[in-house]
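Student: Protein chains in written order, with my numbering: chain G, 1 to 345; chain D, 1 to 365.
No lab work stands behind these hints: they were computed from the structure. Please read these numbers as outputs of a predicted model, since none were measured by experiment. Glycine is no exception: its CB is placed at the ideal position from the N, C-alpha and C atoms. One or more of the hints may lead you astray.
[As the list claims (entries may be wrong)] Within a straight-line C-alpha distance of at most 25 Å, the following computed SDA-like cross-link-like pairs (lysine to any residue) qualify:
| # | chain 1 | residue 1 | chain 2 | residue 2 |
| --- | --- | --- | --- | --- |
| 1 | G | K169 | D | D158 |
| 2 | D | K119 | D | G137 |
| 3 | D | K319 | G | G289 |
| 4 | G | K169 | D | R182 |
| 5 | G | K169 | D | R170 |
| 6 | G | K169 | D | K319 |
| 7 | G | K169 | D | A348 |
| 8 | G | K169 | D | F168 |
| 9 | D | K20 | G | D167 |
| 10 | G | K179 | D | T310 |
| 11 | G | K179 | D | E283 |
| 12 | G | K169 | D | N315 |
| 13 | G | K297 | D | R182 |
| 14 | G | K169 | D | R177 |
| 15 | G | K169 | D | R169 |
| 16 | D | K319 | G | A168 |
| 17 | G | K169 | D | S349 |
| 18 | G | K169 | D | P37 |
| 19 | D | K319 | G | E266 |
| 20 | G | K169 | D | Q209 |
| 21 | G | K169 | D | G299 |
| 22 | G | K179 | D | D193 |
| 23 | G | K297 | D | D202 |
| 24 | G | K169 | D | I298 |
| 25 | G | K179 | D | I308 |
| 26 | G | K169 | D | D347 |
| 27 | G | K179 | D | I298 |
| 28 | D | K319 | G | Q182 |
[As the list claims (entries may be wrong)] Per the computed footprint, the stretches of chain G lying under chain D, defined by three or more beta-carbons under 8 Å from a beta-carbon of chain D, are:
| # | segment |
| --- | --- |
| 29 | 163-175 |
| 30 | 259-266 |
[Unchecked claim] What follows is a list of derived Cβ distance ranges for each label pair:
| # | chain 1 | residue 1 | chain 2 | residue 2 | range |
| --- | --- | --- | --- | --- | --- |
| 31 | G | F81 | D | S286 | 52 to 58 Å |
| 32 | D | A74 | G | P278 | 56 to 62 Å |
| 33 | G | E74 | D | Q352 | 56 to 62 Å |
| 34 | G | D28 | D | E332 | 26 to 32 Å |
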Amino acid sequence: MADVALVQVSKSFGAVEAVRGFSLSIADGEFVVLLGPTGAGKTTTLRLIAGLERPDRGSVVIKGRDVTEQVPAERDVAFVFQQYSLYPHLTVYDNLAFPLRSPARRMNESVIRRRVQQVAELLHIEHKLDNRATALSGGEMQRVAIGRALVREPAVYLMDEPLSSLDAKLRAELRLELKRIQRELGTTILYVTHDQIEAMTMADRIGVMNEGALIQLGTPREIYERPNSAYVASRLGTPAINLIPAELLRSDAVPPNVRTVGLRTEHIRISSADRSGPLAQVHWVEHLGDQNHVHLKLATHSLVTLADPVQQLRAGDQVSLEFTDPLYFDSAGNRVGSDGAGGRA
Amino acid sequence: MAEIKVEQVTKTFETFAAVKGVSFTVDHGSFFVILGPSGCGKTTTLRMIAGLELPTSGRILLDGENVTGLRASARDIAFVFQLFALYPHMNVRQNIGFPLRCQNYPRAEIRRSVEETAKLLRIDHLLERRVGGLSGGDRQRVALGRAIVRRPKAFLMDEPLGALDSEFRRLMCGELRELHDRIDATSIYITHDQLEAMAMADRIAIMNQGMVEQIGTPQEIYDRPNTMFVADFIGAPPMSFLDIRASLSRGARSIEIDGVPVEMPEVFEDRAEGRFALGVRPENVSFADSSQLRGRVIGAEYLGTTQIVTVTTANGQIKARLPSANAVRVGEQVGLALRPDRLSLFDASSGQALSSALYAGGRHG
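Using the sequences provided together with the hints, build the complete structure.
Tutor: Now the structure itself:
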């Protein structure tokens, strides 16, 4: 059953069309991530679902009910913002209990206590319940902010880059925890980010957005392996996919309408220069610890690929390249030979 | 260009010791990164180099001259805070020229310096534009221009890219490093982001609780972490540790994990029975059916080219970076092979690495 659905929703601010004809249906218990650069319309989409914005066209459906005309409080959603906004004068416990104590709920204090305790355990902050919110570290504060959304049991959680203000290590930890909690509770989450790692590791499905439109929707593997366009291909993968003009390959295998060839690390084999295949020069080996990037020059183009740890390459080395199953794109940037399974949105 | 020397510097705020005896030398023209978690003392250290804080003890030398007691303005150093802080009512030319106007430079000289700087940053075509209408990247470049227009001896940067999104950060890392090379500057850069540090630094100092844990090139620090703190701070995901009880004698080339001998680099120390941590990086772990070191897969994170597989063993969790093409099922039992020449061994109570064939010959700083 679909928990949340957007049907042909559009929203403009003045002359800017922030969201264009956007349709998306999120199943019960599903974790959907909207991925896109700043200004793609991700946050506006969340705000439309929350009722913080009203669509110009289209409708918003939550648990089968059309809520397009309802105010935020009437919708069964919880919102987690990028910047945690806790009540500094309250303890962690009172911060967590706050949403449950609203007069509209009239919840019994013993029920509240049980609920807060449960959520605190889930987030590993049960030993901090009596601390003031301001006495916490950044990671703990963000956990409390997420916890404040979790104590309620809404139809859907809307999360707007909740991890982006944390440092890298903490982000990695909370990423795993959030996914674990979502699995354990079977909650429905729509999560917005520009971080491809967050999208890849947490999402059941990723929706790639650009300029207000949903470009492709699919599982992380579908989006990565069968992107429907050069745009989507370039959103995922480290190092980023190499997009080079098809003429450089001069191979019979390349279909005639292909303008651009997309090459990721797994499409490129580097061997000694005496082999057949296009010749390239090692320009630079960038040591990033685990991820060593080899920068190659192929004619006038640069290629970046992950270094094979056993292959010792040095700047200036001549090598020969072999390409297996690269991605092909036509002049409009659409993928050629696309099997359709990637699901054009 | 300058050499910066920090000698046994400490800084105490009332009862709190923020910096506890930090020493390092930044060579002429090098890009030095101080890396550490928030609260480790890295910003305080940088502020003392800039002259914004006075050390409680110790000395700071700029090109051999003792500047410890000099005010910030008397040191020929530019401090770049979070970039992006531009004056919105001024155009690009006025923004870049601002530091020179403040110091009453002659107009002709300001004009020449600003144009030279803009050319260096490839924004000379934008000089008459208002900063409000610029793209994020161009705004960053203008902010950088304002820092370099004075041509100071050194640049100190405190998390300048912190506010940017990850993709853009990566791009700016490349540009900052390229700019550093082009203007032949000495730079000290502060961050908590290990990827930024790895991508830009000639050398990295890792700080923890007011002290330097290790100084070295990015690869040295990654391959031969001196402490468990460093091993855990660097790498995404970080090094995994297996908890082992053992005694060791000099010359040992393997260690037993629950009766299974695991090959490792030759150890150069004798150690009585105690707790040790065997450290392994994710790319040095593979699955091998024949291995007696067993574990159960508890999760796989798909990353495109590779996946990170988490395996739980009787002695702790291990993360492996494997090609995504390898099929991995959550719940299955697997044998683990650890690349012998890349293993680190730590004293679990002190967190210090034991001397071994991997560490000898590679220890600097």
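Student: It remains to establish, for every hint, whether it holds in the given structure.
Tutor: To see whether the hints hold, each was checked on the structure:
1. At most 25 Å may separate the alpha-carbon atoms for a hinted pair to count; K169/G and D158/D meet this at roughly 19 Å.
2. Between the alpha carbons of K119/D and G137/D the distance comes to roughly 15 Å, so the proposed pair stays at or under 25 Å and holds.
3. Taking the CA atoms of K319/D and G289/G, the gap is near 16 Å; set against the 25 Å cutoff, the hint holds.
4. Between K169/G and R182/D the CA atoms are separated by roughly 32 Å; this puts the pair beyond 25 Å, and the hint is violated.
5. In summary, the hint linking K169/G to R170/D is supported, as the alpha carbons are separated by about 17 Å, within the 25 Å threshold.
6. Our distance criterion of 25 Å between C-alpha atoms is met by K169/G and K319/D, whose separation comes to about 15 Å.
7. A C-alpha spacing of about 21 Å is found between K169/G and A348/D, which places the hinted pair at or below 25 Å, so the restraint holds.
8. As the CA atoms of K169/G and F168/D are separated by approximately 19 Å, the hinted pair is consistent with the 25 Å bound.
9. Note on K20/D and D167/G: the hinted pairing holds, with a Cα-Cα distance of about 24 Å set against a maximum of 25 Å.
10. For the hint linking K179/G to T310/D, the alpha-carbon distance of about 14 Å falls within 25 Å, and the restraint holds.
11. For the given pair, K179/G sits about 24 Å from E283/D by alpha-carbon distance, which is consistent with the 25 Å threshold.
12. Between K169/G and N315/D the CA atoms are separated by roughly 23 Å; this keeps the pair inside 25 Å, and the hint holds.
13. Our distance criterion of 25 Å between C-alpha atoms is met by K297/G and R182/D, whose separation comes to about 22 Å.
14. Under the criterion of a C-alpha separation no larger than 25 Å, the hint pairing K169/G with R177/D is consistent with the structure, at around 24 Å.
15. Straight-line distance between C-alpha atoms of K169/G and R169/D comes to about 17 Å, which keeps the hinted pair within the 25 Å bound.
16. For the hint pairing K319/D with A168/G, the CA-to-CA distance comes to about 17 Å; that is within 25 Å, so the pair holds.
17. Annotation: proposed proximity of K169/G to S349/D holds, straight-line Cα distance about 23 Å (limit 25 Å).
18. For a cut-off of 25 Å, the pair hint linking K169/G to P37/D stands: about 9 Å separates their Cα positions.
19. A hinted pair counts as satisfied when its Cα atoms are at most 25 Å apart, and K319/D with E266/G qualifies at roughly 21 Å.
20. Among the hinted pairs, K169/G with Q209/D is consistent with the structure: their alpha-carbon atoms are about 17 Å apart, no more than 25 Å.
21. Taking the CA atoms of K169/G and G299/D, the gap is about 18 Å. The hint holds against a cut of 25 Å.
22. Restraint check for K179/G and D193/D: the C-alpha separation of about 23 Å stays at or below 25 Å, so the hint holds.
23. Taking the CA atoms of K297/G and D202/D, the gap is near 24 Å; set against the 25 Å cutoff, the hint holds.
24. This hinted pair checks out: K169/G and I298/D have alpha carbons roughly 20 Å apart, not beyond 25 Å.
25. Pair hint K179/G plus I308/D holds up; C-alpha atoms about 15 Å apart against a cutoff of 25 Å.
26. A C-alpha spacing of about 23 Å is found between K169/G and D347/D, which places the hinted pair at or below 25 Å, so the restraint holds.
27. With a C-alpha separation of about 13 Å, the suggested pairing of K179/G with I298/D holds against the 25 Å cut-off.
28. For a cut-off of 25 Å, the pair hint linking K319/D to Q182/G stands: about 22 Å separates their Cα positions.
29. Check on the segment 163-175 of chain G: 5 of its residues sit with their Cβ under 8 Å from a Cβ of chain D, so the three-residue criterion for coverage holds.
30. Only residues whose C-beta sits within less than 8 Å of a C-beta in chain D count toward coverage, and the segment 259-266 of chain G has 3 of them, enough to reach three; the restraint holds.
31. For F81/G paired with S286/D, a C-beta distance near 42 Å fails the hint of 52 to 58 Å.
32. For the pair A74/D and P278/G, the beta carbons lie near 58 Å from each other, so the given range of 56 to 62 Å is met.
33. For E74/G and Q352/D, the Cβ-Cβ distance of about 60 Å falls inside the hinted range of 56 to 62 Å, so the restraint holds.
34. Between D28/G and E332/D the C-beta distance comes to about 29 Å, which sits within the given range of 26 to 32 Å.
Consistency with the previously given hints fails for numbers 4 and 31, ordered from lowest to highest.
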